[in-house]
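Participant: Sequence:
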Amino acid sequence: RDRVERQAISEAREKARYDAEAIAETERKLQAQTQARAETEQKLEAETEARRIAEERTTAEAQERAKAQARAQAQTQARAEAEEKLKAETEAKLRAENKAKAESEKRAAYETEFKTVTNARAERIAKAEAKAAAKAKAIADRKGHLKAKDKAEEQRKAEAQVRAQTEEKLKAETQARQRAEERAAAEAQERAKAQARAEAAAKAKAEAEARAESEAQARARVEQEAKTELEEKARVCGELMARFEAEAKARAEAQGRAESEAQEKARSYAEAIAEAESKLQAQTQARAEAEEKLKAETQVRRTVENRAEIEYKKRAAYEAELKAVTGARAERIAKAEAKAAAKAKAKAERKGYLKAIAKAKEQSKAEAQARAGAEEKLKAEIQARRRAQAEAEKRAGFEDETGTGPG
Numbered sequence: 002r003d004r005v006e007r008q009a010i011s012e013a014r015e016k017a018r019y020d021a022e023a024i025a026e027t028e029r030k031l032q033a034q035t036q037a038r039a040e041t042e043q044k045l046e047a048e049t050e051a052r053r054i055a056e057e058r059t060t061a062e063a064q065e066r067a068k069a070q071a072r073a074q075a076q077t078q079a080r081a082e083a084e085e086k087l088k089a090e091t092e093a094k095l096r097a098e099n100k101a102k103a104e105s106e107k108r109a110a111y112e113t114e115f116k117t118v119t120n121a122r123a124e125r126i127a128k129a130e131a132k133a134a135a136k137a138k139a140i141a142d143r144k145g146h147l148k149a150k151d152k153a154e155e156q157r158k159a160e161a162q163v164r165a166q167t168e169e170k171l172k173a174e175t176q177a178r179q180r181a182e183e184r185a186a187a188e189a190q191e192r193a194k195a196q197a198r199a200e201a202a203a204k205a206k207a208e209a210e211a212r213a214e215s216e217a218q219a220r221a222r223v224e225q226e227a228k229t230e231l232e233e234k235a236r237v238c239g240e241l242m243a244r245f246e247a248e249a250k251a252r253a254e255a256q257g258r259a260e261s262e263a264q265e266k267a268r269s270y271a272e273a274i275a276e277a278e279s280k281l282q283a284q285t286q287a288r289a290e291a292e293e294k295l296k297a298e299t300q301v302r303r304t305v306e307n308r309a310e311i312e313y314k315k316r317a318a319y320e321a322e323l324k325a326v327t328g329a330r331a332e333r334i335a336k337a338e339a340k341a342a343a344k345a346k347a348k349a350e351r352k353g354y355l356k357a358i359a360k361a362k363e364q365s366k367a368e369a370q371a372r373a374g375a376e377e378k379l380k381a382e383i384q385a386r387r388r389a390q391a392e393a394e395k396r397a398g399f400e401d402e403t404g405t406g407p408g
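Following my numbering, the numbering of the sequence shown begins with 2 at its first residue and continues without gaps.
Think of the hints as simulated: they come from the structure by calculation, not from any bench.
Note that beta-carbon positions come from the ideal geometry of N, C-alpha and C, so glycine has one too.
Treat the hints with care, since some could be wrong.
Pairs of lysine-lysine, DSS-like flavour, derived with a Cα cap of 25 Å [stated by the list, open to error]:
#1 LYS100 with LYS86
#2 LYS362 with LYS315
#3 LYS170 with LYS158
#4 LYS30 with LYS378
#5 LYS314 with LYS344
#6 LYS116 with LYS102
#7 LYS314 with LYS336
#8 LYS228 with LYS250
#9 LYS204 with LYS336
#10 LYS86 with LYS194
#11 LYS44 with LYS344
#12 LYS315 with LYS340
#13 LYS315 with LYS336
#14 LYS172 with LYS107
#15 LYS44 with LYS30
#16 LYS128 with LYS158
#17 LYS296 with LYS280
#18 LYS228 with LYS280
#19 LYS100 with LYS44
#20 LYS294 with LYS30
#21 LYS346 with LYS68
#22 LYS132 with LYS116
#23 LYS314 with LYS206
#24 LYS315 with LYS16
#25 LYS44 with LYS102
#26 LYS138 with LYS158
#27 LYS116 with LYS100
#28 LYS172 with LYS102
Derived CB-CB ranges, DEER-like [said to hold, decoys possible]:
#29 ALA55 with ALA211: 28 to 36 Å
#30 LYS314 with ALA110: 44 to 52 Å
#31 THR229 with LYS280: 23 to 31 Å
#32 LYS314 with ALA195: 17 to 25 Å
Let the hints inform the model, and build the full structure from the sequences given.
Facilitator: Encoded structure:
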């Protein structure tokens, strides 16, 4: 019994030593895992810091985009106000032109009437002068030639003064009419310039429509080529199916002629046919999926192209009109819109990058949870081994004290 107990004690000590070595090895592994986890946490902190910096940069860019959008809205509002102002000015010019035209017609009628009245007055004055001359001659004959001559001279001076005043008034009215005609001519020239600008805008719009039509024709050609290619593939598949059917028929005839020795061949042929049919079915399914995918991509591309074409037409018309109205401002607005589009594209790319970072963060979190579970399990095993070792050492010490141990 003592020998058995000593052997059990020695085995327990050996087991305790092995357990201690295993515990030490486990502790080394745990320390290595802890160090790796610390490095992973440092790496995760660095990635978190990088994400924070990227988010701050994204926030700043979003603020810049918001400012750019606000500026674009302000510019759009200013353009709308300028268009309203231009429209009001155009209407005012039209009203002024109509008014000037009415005044010109009224003045022409007045001048015609004034000319008629002036001619009638001149005739009356000439008749009066002739009559006065006759009277003066009669008076000169009766009372003396000199006195009648002086009186007639005074009367002619008065009439000449009246005629001079009338001519000055007529001259002033003629000058006013000429100034009105010059203003009307200048306004007509402005209208002609505006009409020329409108014709240039219409010409640019027609050119844009022609370009859009050529692009549509090019897209139609590409779609026709794709359709032709699909038809060719369908024809090739039909020929393959016909050939497979002919081969199957030939194999069936050969099987009928050599039924005794062709059963195994028929089975192998049947397997080959099944495999070929499965491949053909897979190819047909793949072709159908490819056709559906191509159809969907074509539809999406057509939708995008139609939207881009509409946007291009709208933008071309808008740019032409804006160029006619504001000139250099349209170029700055176009640059701002291109910059905003580039920023929107960069935002979409950063959004995808942030999604990838979030996915990596979730994966790191799951790995950390898995490592934490493994560490908890390992700690529980280490504690169980330590308790077993303590019990073994306690039992061994008790045996040494009682004198039953190897000593």
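Participant: None of the hints should be skipped; say for each whether it holds.
Facilitator: Status of each hint after checking the structure:
Annotation: proposed proximity of LYS100 to LYS86 holds, straight-line Cα distance about 21 Å (limit 25 Å). Proximity of LYS362 to LYS315 is assessed by CA-CA distance (about 44 Å); at most 25 Å being required, the pair is judged violated. Proposed proximity of LYS170 and LYS158 is supported: the alpha carbons are some 18 Å apart, at most 25 Å. Distance restraint check for LYS30 and LYS378: the Cα-Cα separation of roughly 13 Å lies within the 25 Å cut-off, and the hinted pair is therefore satisfied.
At most 25 Å may separate the alpha-carbon atoms for a hinted pair to count; LYS314 and LYS344 meet this at roughly 23 Å. At roughly 21 Å between alpha-carbon atoms, LYS116 and LYS102 fall within 25 Å of each other, so this suggested pair holds. The straight-line distance between the Cα atoms of LYS314 and LYS336 is roughly 18 Å, inside the 25 Å bound, and the hint therefore holds. For the proposed pair LYS228 and LYS250, the alpha carbon gap of about 33 Å is over 25 Å, so the pair is violated.
As the CA atoms of LYS204 and LYS336 are separated by approximately 24 Å, the hinted pair is consistent with the 25 Å bound. In summary, the hint linking LYS86 to LYS194 is supported, as the alpha carbons are separated by about 18 Å, within the 25 Å threshold. A C-alpha spacing of about 30 Å is found between LYS44 and LYS344, which places the hinted pair above 25 Å, so the restraint is violated. For the suggested pair LYS315 and LYS340, the alpha carbons sit about 19 Å apart, so the restraint of at most 25 Å is met.
A distance of roughly 17 Å separates the Cα atoms of LYS315 and LYS336; the hinted pair therefore holds under the 25 Å criterion. Straight-line distance between C-alpha atoms of LYS172 and LYS107 comes to about 17 Å, which keeps the hinted pair within the 25 Å bound. This hinted pair checks out: LYS44 and LYS30 have alpha carbons roughly 21 Å apart, not beyond 25 Å. Taking the CA atoms of LYS128 and LYS158, the gap is about 16 Å. The hint holds against a cut of 25 Å.
Restraint check for LYS296 and LYS280: the C-alpha separation of about 23 Å stays at or below 25 Å, so the hint holds. Taking the CA atoms of LYS228 and LYS280, the gap is near 24 Å; set against the 25 Å cutoff, the hint holds. Taken as a hint, the LYS100 and LYS44 pair is broken in the structure, with Cα atoms around 82 Å apart against an allowance of 25 Å. A C-alpha spacing of about 52 Å is found between LYS294 and LYS30, which places the hinted pair above 25 Å, so the restraint is violated.
Between LYS346 and LYS68 the CA atoms are separated by roughly 17 Å; this keeps the pair inside 25 Å, and the hint holds. Between LYS132 and LYS116 the alpha-carbon distance is near 24 Å, which keeps this suggested pair within the 25 Å criterion. Taking the CA atoms of LYS314 and LYS206, the gap is about 8 Å. The hint holds against a cut of 25 Å. Between LYS315 and LYS16, the direct Cα distance comes to roughly 87 Å. Violation of the 25 Å bound is thereby established for this hinted pair.
Proposed proximity of LYS44 and LYS102 is contradicted: the alpha carbons are some 84 Å apart, above 25 Å. Taken as a hint, the LYS138 and LYS158 pair is honoured in the structure, with Cα atoms around 18 Å apart against an allowance of 25 Å. Between LYS116 and LYS100 the alpha-carbon distance is near 24 Å, which keeps this suggested pair within the 25 Å criterion. Between LYS172 and LYS102 the CA atoms are separated by roughly 21 Å; this keeps the pair inside 25 Å, and the hint holds.
Our hint of 28 to 36 Å for ALA55 and ALA211 is violated, since their Cβ atoms are close to 46 Å apart. Taking the beta carbon of each, LYS314 and ALA110 are about 51 Å apart, inside 44 to 52 Å as hinted. THR229 and LYS280 have their C-beta atoms about 25 Å apart, which keeps the hinted 23 to 31 Å range intact. The hinted window of 17 to 25 Å between LYS314 and ALA195 holds, with their beta carbons roughly 23 Å apart.
Checked against the numbered hints above, the structure violates hints 2, 8, 11, 19, 20, 24, 25 and 29; every other hint is satisfied.
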